[in-house]
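One-letter residues, chain by chain:
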Amino acid sequence: MKAKRSFSSLTALVVLLILGPSAGAQAPTAAKPRGTENADPHGPKTTAIDMADPHGTEATSTGPAAQPDRKATAEDAGTELEVQASEESTPRALSTVAAVIPGLVIHGFGHYVAGDKDTAWRLFAWQGVGLGIMIASGATIGLTGASRYGNELTIPALVTGTGIFLNTAYADIYGSATGGRASTYAPRPTLSATVGYGYVDDPQFDYTHFSVVSGLYVRDALRVAPSLWTALDADNQRARLPIRYRQIDNKAGDFLQGQVAATYHRYGDDGFACTIGELSVGGRLNSSHLGASLAGSYTTATVGYALHRTSYDVAPADTIGLLLVRFGYGLYLPKNGEIEGYYQHRRDGFAAGLSPSPGNGSGFLGHFGLALRQPVSDRFAISLRSEIGSAWVATGGIEIRTGSAQ
Amino acid sequence: MDGDVGKASFETFEIEVVDGLAAVQNMTGERITLWAQAPSLQLSLASEGPRDVTLEIFNCMPAAQLQIGTESQSPTSQPRPTHCIFDVALAAGESQIAIAPPDWEIEEDFRFADMGDIQTAMDRADEVFAAISSEPDIRFVMSTGDVVESGTFEEYELFLEQVELLDIPFFSTVGNHELSIDAARWHDLFGLFSTHFRFKGVDFSYVDSGNASLDPSLQRRLAQWLEDGKDRIHIFGTHYPLFDPVGVRNAGFRSRSEASKLLVQLARGQVDLTLYGHVHSLYEFENAGIPAFISGGGGALPERFDGIDRHFLIVHPDPVENRIRSIETRRVDD
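In the order they appear, the protein sequences are chains B and E.
Using this note's numbering, the letters of the first sequence map in sequence onto residues 3 to 408.
Using this note's numbering, the letters of the second sequence map in sequence onto residues 19 to 352.
Heads up, some of the hints might be wrong.
As a list, the in silico SDA-like pairs of lysine to any residue whose alpha-carbon atoms are at most 25 angstroms apart [unchecked claim]:
(1) Lys248/E to Asp222/B
(2) Lys248/E to Gly273/B
(3) Lys248/E to Val378/B
(4) Lys253/B to Leu287/B
(5) Lys248/E to Asp271/B
(6) Lys253/B to Arg221/B
(7) Lys25/E to Arg69/E
(8) Lys248/E to Gln206/B
(9) Lys119/B to Leu168/B
(10) Lys25/E to Glu112/E
(11) Lys25/E to Val36/E
(12) Lys248/E to Asp315/B
(13) Lys248/E to Ala317/B
(14) Lys253/B to Asp222/B
(15) Lys248/E to Gly270/B
(16) Lys253/B to Lys119/B
(17) Lys248/E to Ala275/B
(18) Lys248/E to Lys119/B
(19) Lys25/E to Ala202/E
(20) Lys248/E to Ala319/B
(21) Lys253/B to Ser379/B
Worth flagging that the hints you see were computed from the coordinates, not collected in a lab.
Just chain B, with the same shape it has in the complex (with noise of 0.2 angstroms):
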């Protein structure tokens, strides 16, 4: 029975991301709220890991062990479904492509066209802010010639300036095609470990299949997240243990927490080994806070320092910095899951940097990112990635829950 739902539950939410304006299509016009009812403000605390993300340094979370009788999921909205769809398709179409063209120009615009002129503007002020940063970074930088000195703060201005621009963007597109979701954020038990495969294309390295496994305990703020790459195919390893503190949780999925990570990457084929210390600070906004038609997807970003060792078999190790900075656009699923969508700036580890052509442009970005978490039932959850950079990664994984949702 419990497979049957869980069947449903993922059935369910492809058709939320494919028919996003239906799911949970409770309200009729984009400027009305909806899917709020299990931002439960005396829920359980939240947590946040991936075990098949290499860096672990997002900001996810998300767990079906806390409220297992949620509702207004994409079940629950199946027979509101066909009834409002054909009343909402076209006034939805036509915000939604508003929010395409002009909107990815004029961020809020779909907005606009749907009747919710406040999320418009906050839309468009936000797209302003973080236009604003960019060319005041990209400037600054230009203008220095990316001089060795301020570094550190222009170019996570930046990309964080990027994320705000490019998230507007994704939120005008969400809201206006769905109006806002009743899936809400939820929290993850104590203990969780997740065993999966890792597969990686890199075509400067002989490895391929990855066994992963990882785990998260969680204890009031504290939150630790072993995990483990081995390569099944070549001699690679690489083993991190974040942990986190987080300051700010008001349980409705916005929290503000430090993080500290070490990371030992041994390429045993290659001669090297890889080790990394960071600090960084991460948060994660609900975008409801911008307006209720954007209900059921948050905003993340994440900036931080580390400091980055190579050793090598023949040579003296080298010790550079490196910049951690992250950004990424979520929604919330039906049944507890969670998909998002990221940019991560940092060049290490397997994805690293994407080359947007083969020419101009290269050697800046680092590498974009896919990733779900799906509960099937109290006890498992699915965990899905998919990274593309200088390689292609993907990992699968089982999670197995145990303990109480803090």
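Got chain B sorted already, so can you dock chain E onto it with the hints?
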């Protein structure tokens, strides 16, 4: 693309430049025009019958001699120090020709200039070239790329005008900017993206990292070059620094893992010096214990507050003592 460089034919007349170290810019039955990418060239020419041929070499070494069989000849004419024209009488069949300065195989110390990143400053590149030409005993210039900004025909035309002011050849790999529009344009004009040659007992490997990475097929070639040059002074150049010493800026390879792997190869190959561009400033550091310089002082938008501006390096390898004697910086605008 490098595999096609240096090969051409006209009817039944064929030429192949060994290791592709020169681009065949033009070929008829009577005349072959080459752009040299190395101080010494080995040519293989095949003709059905005897043939009088004019070999026109741009970017040649000023003292270049042509050797065919046991006979050696000076240029028939030499409009500029780096523009050598040889008239050659070919016998029927295959002829092996060498074009190089007489001392190219004599192992003794010499000096060369290293530079990178001219880009938008091409209209002022003559000042850099004049400064290099004013240095005594510099044998050639090695460039780590980003000669042009966007790779238009006009830029390359201007470069060809400016580089005429150099009294010595200008050998270069490509940077990311050469790949901006049409990478084949570089091949047509100058040939290889990645060059490897030996001069006076010193090995040079200047390889293409124009997309902040090394192509795996190039890595295999590099592995062979490293093996061949293990007991010699070996100088490695590429556009992107493997690691940017300013790690936060990260203007290096797009994968630190790949960079680390490559540094292991360079260390195992006992490379003596790594030279980079891309960053428009001057940095001296070590990577994997190998001395490293970033010298992107060709004139492109400079890094501010570094007190450097336009510059180039003068490198003095000594194959007899098996060491780099010195690396000096020359500022153009002093």
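Going down the list of hints, with the structure as the test:
1. Lys248/E to Asp222/B: 58 angstroms, violated
2. Lys248/E to Gly273/B: 18 angstroms, holds
3. Lys248/E to Val378/B: Answer violated: Lys248/E to Val378/B is near 58 angstroms, above 25 angstroms.
4. Lys253/B to Leu287/B: Roughly 11 angstroms separates the two Cα atoms, so the pair holds.
5. Lys248/E to Asp271/B: 21 angstroms, holds
6. Lys253/B to Arg221/B: Given that 25 angstroms is the threshold and the Cα spacing comes to 15 angstroms, the pair holds.
7. Lys25/E to Arg69/E: 19 angstroms, holds
8. Lys248/E to Gln206/B: 23 angstroms, holds
9. Lys119/B to Leu168/B: 20 angstroms, holds
10. Lys25/E to Glu112/E: Holds: Lys25/E and Glu112/E sit about 14 angstroms apart, inside 25 angstroms.
11. Lys25/E to Val36/E: The hint holds at about 9 angstroms.
12. Lys248/E to Asp315/B: 18 angstroms, holds
13. Lys248/E to Ala317/B: 15 angstroms, holds
14. Lys253/B to Asp222/B: 12 angstroms, holds
15. Lys248/E to Gly270/B: 23 angstroms, holds
16. Lys253/B to Lys119/B: Outside the cut-off at roughly 28 angstroms; violated.
17. Lys248/E to Ala275/B: Distance of about 24 angstroms is within 25 angstroms: holds.
18. Lys248/E to Lys119/B: Outside the cut-off at roughly 69 angstroms; violated.
19. Lys25/E to Ala202/E: 15 angstroms, holds
20. Lys248/E to Ala319/B: 21 angstroms, holds
21. Lys253/B to Ser379/B: 22 angstroms, holds
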